[in-house]
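> As a plain string of letters, each chain reads:
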Amino acid sequence: MHNPQLNSNGELQHLLTIEGLPKSIINHILDTASSFVGISDREVKKVPLMRGKSVFNLFFENSTRTRTTFEIASKRLSADVINLNIAASSTTKGESLLDTIDNLSAMHADMFVVRHSQSGAPYLIAKHLNESKQHHVHVVNAGDGRHAHPTQGLLDMYTIRHYKRDFTNLRVAIVGDILHSRVARSDIHALTTLGVPEVRAIGPHTLLPGGLEQMGVRVFTDMEEGLKDVDVIIMLRLQNERMSGALLPSAGEYFKSYGLTPERLALARPDAIVMHPGPINRGVEIDSKVADGKQAVILPQVTFGIAVRMAVMSILAGSHA
Amino acid sequence: MHNPQLNSNGELQHLLTIEGLPKSIINHILDTASSFVGISDREVKKVPLMRGKSVFNLFFENSTRTRTTFEIASKRLSADVINLNIAASSTTKGESLLDTIDNLSAMHADMFVVRHSQSGAPYLIAKHLNESKQHHVHVVNAGDGRHAHPTQGLLDMYTIRHYKRDFTNLRVAIVGDILHSRVARSDIHALTTLGVPEVRAIGPHTLLPGGLEQMGVRVFTDMEEGLKDVDVIIMLRLQNERMSGALLPSAGEYFKSYGLTPERLALARPDAIVMHPGPINRGVEIDSKVADGKQAVILPQVTFGIAVRMAVMSILAGSHA
Amino acid sequence: MHNPQLNSNGELQHLLTIEGLPKSIINHILDTASSFVGISDREVKKVPLMRGKSVFNLFFENSTRTRTTFEIASKRLSADVINLNIAASSTTKGESLLDTIDNLSAMHADMFVVRHSQSGAPYLIAKHLNESKQHHVHVVNAGDGRHAHPTQGLLDMYTIRHYKRDFTNLRVAIVGDILHSRVARSDIHALTTLGVPEVRAIGPHTLLPGGLEQMGVRVFTDMEEGLKDVDVIIMLRLQNERMSGALLPSAGEYFKSYGLTPERLALARPDAIVMHPGPINRGVEIDSKVADGKQAVILPQVTFGIAVRMAVMSILAGSHA
Chain A
1 MHNPQLNSNG
11 ELQHLLTIEG
21 LPKSIINHIL
31 DTASSFVGIS
41 DREVKKVPLM
51 RGKSVFNLFF
61 ENSTRTRTTF
71 EIASKRLSAD
81 VINLNIAASS
91 TTKGESLLDT
101 IDNLSAMHAD
111 MFVVRHSQSG
121 APYLIAKHLN
131 ESKQHHVHVV
141 NAGDGRHAHP
151 TQGLLDMYTI
161 RHYKRDFTNL
171 RVAIVGDILH
181 SRVARSDIHA
191 LTTLGVPEVR
201 AIGPHTLLPG
211 GLEQMGVRVF
221 TDMEEGLKDV
231 DVIIMLRLQN
241 ERMSGALLPS
251 AGEYFKSYGL
261 TPERLALARP
271 DAIVMHPGPI
281 NRGVEIDSKV
291 ADGKQAVILP
301 QVTFGIAVRM
311 AVMSILAGSH
321 A
Chain B
1 MHNPQLNSNG
11 ELQHLLTIEG
21 LPKSIINHIL
31 DTASSFVGIS
41 DREVKKVPLM
51 RGKSVFNLFF
61 ENSTRTRTTF
71 EIASKRLSAD
81 VINLNIAASS
91 TTKGESLLDT
101 IDNLSAMHAD
111 MFVVRHSQSG
121 APYLIAKHLN
131 ESKQHHVHVV
141 NAGDGRHAHP
151 TQGLLDMYTI
161 RHYKRDFTNL
171 RVAIVGDILH
181 SRVARSDIHA
191 LTTLGVPEVR
201 AIGPHTLLPG
211 GLEQMGVRVF
221 TDMEEGLKDV
231 DVIIMLRLQN
241 ERMSGALLPS
251 AGEYFKSYGL
261 TPERLALARP
271 DAIVMHPGPI
281 NRGVEIDSKV
291 ADGKQAVILP
301 QVTFGIAVRM
311 AVMSILAGSH
321 A
Chain C
1 MHNPQLNSNG
11 ELQHLLTIEG
21 LPKSIINHIL
31 DTASSFVGIS
41 DREVKKVPLM
51 RGKSVFNLFF
61 ENSTRTRTTF
71 EIASKRLSAD
81 VINLNIAASS
91 TTKGESLLDT
101 IDNLSAMHAD
111 MFVVRHSQSG
121 APYLIAKHLN
131 ESKQHHVHVV
141 NAGDGRHAHP
151 TQGLLDMYTI
161 RHYKRDFTNL
171 RVAIVGDILH
181 SRVARSDIHA
191 LTTLGVPEVR
201 AIGPHTLLPG
211 GLEQMGVRVF
221 TDMEEGLKDV
231 DVIIMLRLQN
241 ERMSGALLPS
251 AGEYFKSYGL
261 TPERLALARP
271 DAIVMHPGPI
281 NRGVEIDSKV
291 ADGKQAVILP
301 QVTFGIAVRM
311 AVMSILAGSH
321 A
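Residue numbers (our numbering), protein chains in the order written: chain A, 1 to 321; chain B, 1 to 321; chain C, 1 to 321.
Do not rely on the hints blindly, as some may be mistaken.
Said to hold, decoys possible - BS3-like, lysine-lysine: derived pairs with alpha carbons at most 30 Å apart:
id: 1; chain 1: A; residue 1: K127; chain 2: A; residue 2: K23
id: 2; chain 1: B; residue 1: K127; chain 2: C; residue 2: K294
id: 3; chain 1: A; residue 1: K294; chain 2: C; residue 2: K127
id: 4; chain 1: B; residue 1: K127; chain 2: C; residue 2: K289
id: 5; chain 1: A; residue 1: K289; chain 2: C; residue 2: K294
As the list claims (entries may be wrong) - Restraint-style ranges between C-beta atoms, simulated for each label pair:
id: 6; chain 1: B; residue 1: S250; chain 2: A; residue 2: S250; range: 49 to 57 Å
id: 7; chain 1: A; residue 1: S117; chain 2: C; residue 2: E131; range: 37 to 45 Å
id: 8; chain 1: A; residue 1: S119; chain 2: B; residue 2: S250; range: 28 to 36 Å
id: 9; chain 1: B; residue 1: G211; chain 2: A; residue 2: H136; range: 43 to 51 Å
id: 10; chain 1: A; residue 1: P48; chain 2: B; residue 2: K23; range: 38 to 46 Å
id: 11; chain 1: C; residue 1: A251; chain 2: B; residue 2: S132; range: 23 to 31 Å
id: 12; chain 1: C; residue 1: G252; chain 2: B; residue 2: N3; range: 35 to 43 Å
id: 13; chain 1: B; residue 1: N27; chain 2: C; residue 2: G252; range: 53 to 61 Å
id: 14; chain 1: A; residue 1: N9; chain 2: B; residue 2: G20; range: 52 to 60 Å
id: 15; chain 1: A; residue 1: R42; chain 2: C; residue 2: S119; range: 30 to 38 Å
id: 16; chain 1: C; residue 1: L267; chain 2: B; residue 2: S132; range: 24 to 32 Å
id: 17; chain 1: B; residue 1: S132; chain 2: A; residue 2: P48; range: 38 to 46 Å
None of these hints come from the bench; they were simulated from the model.
Backbone N, C-alpha and C define an ideal beta-carbon position, used for all residues, glycine too.
With these hints in hand, go ahead and build the complete structure from the sequences.
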């Protein structure tokens with residue numbers, strides 16, 4: 001099937017997932033982001049690339065943090081932003097998702113930033129827009145169910161490239177709840193596409209999905225073993241709601257086995273960087289000494305995240321089907 | 001009594017209701033809207049007509065859809081928009097409605113877009129502003145109780161004019177819950193003022209208000225009879241909350257008698273257009289085959305609605321008492 | 001200890017409290033506000049002083065009225081505004097306050113407008129930003145617990161200066177629930193700093209805090225006595241939630257003893273002005289005849305409040321540590 005996120009010229013029409021995204025497009029996004037990093041340091045942090053464009057933040061699932069990053073990115077591109085908390089709006093009046101989309105599109109929307117608890121919702125919207133020839137509207141997936149969170153994956157790649165320059169000689173470990181993480185999925189696809197030779201997944205059996213080996217990932221249940229000589233450590237957030245269930249004993253037990261302490265960090269390469277998508281749980285998946293230490297690049301990730309979102313949005317806004 | 005929505009020069013000072021609005025003003029709004037329809041198609045969808053003006057969306061009743069249309073219209077006119085969900089604010093601290101208005105007016109508001117569940121609230125606010133000589137603030141009624149929804153009425157007129165050009169040879173049918181519909185009220189006034197020779201109301205006895213005949217409306221309880229040879233069909237939304245009461249048997253029963261199917265649509269003129277204020281209830285008041293069919297102009301109504309709201313706001317902002 | 005709201009050059013780096021603020025800085029704010037009062041009357045009410053700056057309204061406690069004034073002030077300075085209702089966001093995911101701050105700061109925030117139910121929260125944030133050398137971010141206290149509400153204090157001073165010109169020959173009475181009022185605290189500090197020779201506090205024993213005399217305030221429990229010959233009356237809002245407790249008998253009883261009636265107002269100087277931070281409780285702390293009378297300057301306070309907030313924000317945005 002045709003990749004619904006590319007137009008007939010192979011340009012990015014929507015950003016739905018990193019899966020299947022050509023390396024050239026990922027690099028184009030990272031290069032464009034690089035030009036935006038400087039803008040946020042200037043006195044006037046705005047460029048007119050999306051002046052007069054209407055961006056709709058369609059958050060079917062609440063996420064203040066992610067919504068904020070897209071809102072800032074939009075405003076720094078001079079777009080007009082409309083925040084819609086869809087739970088409170090007409091979908092509750094029984095209107096279907098696609099009727100809502102058609103209505104907003106008829107208001108001459110230029111972009112939908114979609115967050116949804118159901119995997120595939122942004123894909124469904126993009127497919128509908130493509131099929132009904134509403135090519136003026138672009139979709140950005142801001143997180144759908146357990147499936148994908150591509151801008152987080154891209155900002156992770158930006159961060160790794162910033163600190164390590166070359167992907168082709170790296171060992172990268174992803175640690176924690178791989179099973180429920182859309183970040184892990186997006187990262188694995190991106191790392192593989194960009195030529196990282198060794199991607200590792202570390203976590204307890206209960207939080208490791210099947211099929212990792214087929215994706216070329218080395219699996220470890222012993223953290224000390226998994227961290228040995230890695231260049232990059234991507235810690236995942238442990239969702240509190242998992243802790244009450246049968247999957248995990250307790251936050252304290254988890255930290256004992258999989259918490260990133262200075263001692264464990266010392267097993268990695270001396271110049272290894274520590275990443276985390278945030279918000280961090282201090283003392284659950286990461287020790288404060290590591291989170292606030294010299295190898296942590298968690299706050300630079302946030303800064304780069306704005307630039308990466310500006311890059312994605314401006315590239316989409318400039319593409320025509 | 002003096003019409004509170006006109007200033008002493010007979011210009012539009014507030015938009016409260018279509019009732020009593022001179023034909024010349026309605027036409028002026030439609031003509032102005034026409035100039036804005038093109039703007040939404042441009043790369044940069046903004047005009048500086050309200051730059052530096054402060055528009056307050058005062059929604060005492062939640063309506064994401066209507067709020068969004070006014071927010072977009074304001075931003076495309078370059079106004080600053082402040083959304084106030086008044087239920088959550090100081091009126092709950094016991095402050096009176098008019099004290100809230102005076103406070104916002106003292107912040108140099110330029111326009112209040114008011115949505116209220118009580119009929120007459122926008123009228124009360126406009127009257128207070130007029131009497132206290134706060135002529136710099138303009139009120140737009142965005143729907144009050146069962147009373148009026150004038151911008152919806154105006155966008156309906158814009159849509160009819162767009163497709164039919166001339167009002168003076170039309171048969172227009174309004175179908176459904178006329179009793180509870182502010183849209184129906186606004187439409188009947190507008191159609192009559194613009195010279196439509198035959199306006200029909202179609203619905204069950206329980207949903208037809210008294211007094212329609214005195215307004216010059218022909219009343220039908222049989223849908224087939226009422227649709228015969230009409231040029232325009234305006235379907236109304238069936239409020240779910242009516243269905244549980246004694247007024248209506250069930251959604252299925254309603255559809256059987258008053259749902260717009262392809263077969264019923266065939267009774268109208270072959271070039272008849274089908275309108276609906278949205279959001280539509282598929283299978284309740286309208287069949288999907290009609291809603292998605294060639295005669296439906298429901299999505300163009302949404303597009304024209306932005307232009308009509310831009311027209312109303314820019315005309316008000318340019319008027320001085 | 002070093003005053004955390006001033007930078008090493010003695011310029012305003014944050015606005016946390018009027019306590020300890022030098023008279024020269026207060027006067028600079030009032031003078032700057034004066035230049036903004038005119039702007040709100042112009043056709044285009046915007047100046048580009050904060051174009052491209054990102055202002056975050058961090059409201060840990062809901063206050064639509066205060067949030068609105070800062071939102072308007074920001075937009076009239078051409079800043080980009082992001083409203084964060086923090087109760088609904090990641091602090092509920094267990095992230096600490098200072099981690100949230102570091103994250104937003106990493107997005108290149110320029111200013112945090114902070115409202116918090118806990119006294120000292122804005123101070124904590126400012127101290128953290130100073131210590132971690134994040135000097136590009138400025139904090140404005142928009143009300144913290146019972147502690148301070150400095151922009152309200154400053155707009156009160158602006159109002160008094162506007163009507164009375166000279167502070168050094170005034171008698172000012174503050175009436176009501178002094179104990180729970182952050183406005184009263186801010187006002188007392190400002191009045192004293194600006195050289196007002198006589199500040200009076202009027203209220204029932206149960207609502208008067210200890211230590212007023214040490215601050216140079218004359219205390220009255222008899223309202224008639226306290227109002228005699230004053231030039232300025234600052235009424236405080238009676239919080240409804242106080243009324244149910246043991247501190248106060250009832251709203252009616254309170255009005256009998258401390259409500260500002262025309263008769264009581266006549267005891268003050270004939271040109272005395274009546275102020276109130278709003279929203280007013282008509283018939284509880286103030287009679288409608290007074291609130292709507294010629295000596296009331298309650299609505300001008302609101303107007304001046306926008307200019308004062310614009311002044312504070314533009315001064316902070318222009319300061320560099």
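> Report the numbers of all earlier hints that the structure fails to satisfy, in ascending order.
5
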